[in-house]
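J.: So you can see what is in the structure, the chains are spelled out below.
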Amino acid sequence: MRSFLPAYELRAPASFQTALELLAREPGIWKPLAGGTDVMVLFEAGKLPHRKFLSIWKLPELRGMEVSPAHFTLGALTTYTEIQAHPVLQKEFPLLCRAAAETGGIATQNRGTLAGNIANASPAADSPPALLIYDAELELVSAGGSRWVPYNGFHTGYKQMLLRPDELIRRIRLPLRKDAWRQYYRKVGTRKAQAISKVCFAGAALVAGDEIRDVRIALGSVAPIVLRCTQTEAALKNQRLSAATPEAAREALAREIAPIDDMRSSAAYRLRVAQNLLAEFIAQIGNGGRSHR
Amino acid sequence: MPEAAGKMELAFVVNGEKRRVQAYPMARLLDVIREELKLTGTKEGCGEGECGACTVLLDGAIVNSCLVPALQADGCEIRTIEGIARGDQLHAVQEAFIACGGAQCGICTPGMVMAAVNLLEHNPHPAEADIRTGLAGNLCRCTGYVKIFDAVVKACQARGVKA
Numbered sequence: 000m001r002s003f004l005p006a007y008e009l010r011a012p013a014s015f016q017t018a019l020e021l022l023a024r025e026p027g028i029w030k031p032l033a034g035g036t037d038v039m040v041l042f043e044a045g046k047l048p049h050r051k052f053l054s055i056w057k058l059p060e061l062r063g064m065e066v067s068p069a070h071f072t073l074g075a076l077t078t079y080t081e082i083q084a085h086p087v088l089q090k091e092f093p094l095l096c097r098a099a100a101e102t103g104g105i106a107t108q109n110r111g112t113l114a115g116n117i118a119n120a121s122p123a124a125d126s127p128p129a130l131l132i133y134d135a136e137l138e139l140v141s142a143g144g145s146r147w148v149p150y151n152g153f154h155t156g157y158k159q160m161l162l163r164p165d166e167l168i169r170r171i172r173l174p175l176r177k178d179a180w181r182q183y184y185r186k187v188g189t190r191k192a193q194a195i196s197k198v199c200f201a202g203a204a205l206v207a208g209d210e211i212r213d214v215r216i217a218l219g220s221v222a223p224i225v226l227r228c229t230q231t232e233a234a235l236k237n238q239r240l241s242a243a244t245p246e247a248a249r250e251a252l253a254r255e256i257a258p259i260d261d262m263r264s265s266a267a268y269r270l271r272v273a274q275n276l277l278a279e280f281i282a283q284i285g286n287g288g289r290s291h292r
Numbered sequence: 000m001p002e003a004a005g006k007m008e009l010a011f012v013v014n015g016e017k018r019r020v021q022a023y024p025m026a027r028l029l030d031v032i033r034e035e036l037k038l039t040g041t042k043e044g045c046g047e048g049e050c051g052a053c054t055v056l057l058d059g060a061i062v063n064s065c066l067v068p069a070l071q072a073d074g075c076e077i078r079t080i081e082g083i084a085r086g087d088q089l090h091a092v093q094e095a096f097i098a099c100g101g102a103q104c105g106i107c108t109p110g111m112v113m114a115a116v117n118l119l120e121h122n123p124h125p126a127e128a129d130i131r132t133g134l135a136g137n138l139c140r141c142t143g144y145v146k147i148f149d150a151v152v153k154a155c156q157a158r159g160v161k162a
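Chains as they are written, first to last, in numbering that gives the first Met the number 0: chain A, 0 to 292; chain B, 0 to 162.
Okay, chain A solo, but in the shape it has when bound:
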């Protein structure tokens, strides 16, 4: 059922400091609202637990992108459209651009933000697998100060995260890699556009000769949180590339993920597809190409 409109408050704070003070004064009462692409869906469905919202969309402190010698830093409100258009992201972090291009249509990409995708904490979100692969870090800021936390470990359970109710995500930082990692991203959904994923796979490998020197694997929609698969990585590290996926890696992946039956897919299908995507990832890094379809 539709929400009763007059029961909801939305305030646009005059400054970043005002926003933080409001969150500090009444933590948990005010819910930040960025581009609205998730919150407004729940609003229309009458499923919003909060009544008071803080529009952070126009705060300049949460915008902008910056390249330093060590990092690429994105403001929390960087949109999917902005991500796709940035030449450094296209070159260094193609999986993030790929994920941005596969999130909704252009209208959604113009409003959806990277930190919104993180804070919405959906295990089916498209950009988090790429962020895990790239060792992203988040800056969390409150009236009392700021802290950087690794993104891996930020989500602690279904819709649970380290973000306190008085904190905002201010920036997302990605360490620049000088190495030529071979990269792979594939989202499997009901349709190619405008679909939420059944399984989403991001992978990157550092290959020397025919040996996998280092590897990162992360999946969406296969567990209560978007998951970095360290056991699967361990089963692949220092292995020689061959046409067949190492059995140990397939088994590790099956142990690590915990897919469920839900409205979008079944646990059995998700496990099968996750293993097939692992095989495709390994086959493609063996071919030397960078693939991110």
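If you are wondering where the hints come from, they were derived from the structure by calculation, not from laboratory data. None of the values given here were measured: they were computed from a predicted structure. Where a beta carbon is used, it is the ideal one built from N, C-alpha and C, also for glycine.
Computed beta-carbon distance windows for the label pairs:
#, chain 1, residue 1, chain 2, residue 2, range
1, B, E34, A, D261, 31 to 39 angstroms
2, B, E76, A, H70, 29 to 37 angstroms
3, A, A266, B, G86, 52 to 60 angstroms
4, B, M7, A, P48, 18 to 26 angstroms
5, A, G63, B, M7, 26 to 34 angstroms
With a cut-off of at most 25 angstroms between alpha-carbon atoms, the simulated PhoX-like pairs for lysine-lysine come out as follows:
#, chain 1, residue 1, chain 2, residue 2
6, A, K158, A, K51
7, B, K17, B, K6
8, A, K191, B, K146
9, A, K191, A, K90
10, B, K6, B, K37
11, A, K46, B, K6
12, A, K46, A, K158
13, B, K37, B, K17
14, A, K30, B, K6
15, A, K30, A, K51
16, B, K17, A, K57
17, A, K30, A, K158
18, A, K57, B, K6
19, B, K6, A, K51
20, A, K57, A, K30
21, A, K30, A, K46
With the hints as your guide, set chain B onto chain A.
T.: Showing chain B alone in chain A's frame:
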């Protein structure tokens, strides 16, 4: 349920004209456009950002107006389907939709036209794949996609560009 916040005055430039409305800050921009501004060309399809029927241009970027709270559009420039033609002169995209039969029931049409106009404004020489991506956020429940696609190709040709 108690009233948490009253209506407030919001100002927009709508299709080139300054407008002021009284609206709840969480009101959907879609409802403000249709019910307060009385511009009913913009349609509601799904109401959850999937179908694109409510597409408008907000400060030059297409958005699903069902997902934008009115407060966030305060001070912005809004262009709706009513602002696409110049007087009686239809836009090349609108002419092409008519010529190609790119509309059946018509509910998706305003959103499709907005998406196509936005595409051609950003990319006057779209490849076929660009057109598909440009329209990917708009669903047609009559499934008339081929003629809609043809209409966008024709609009590119009419503007002297090849698709």
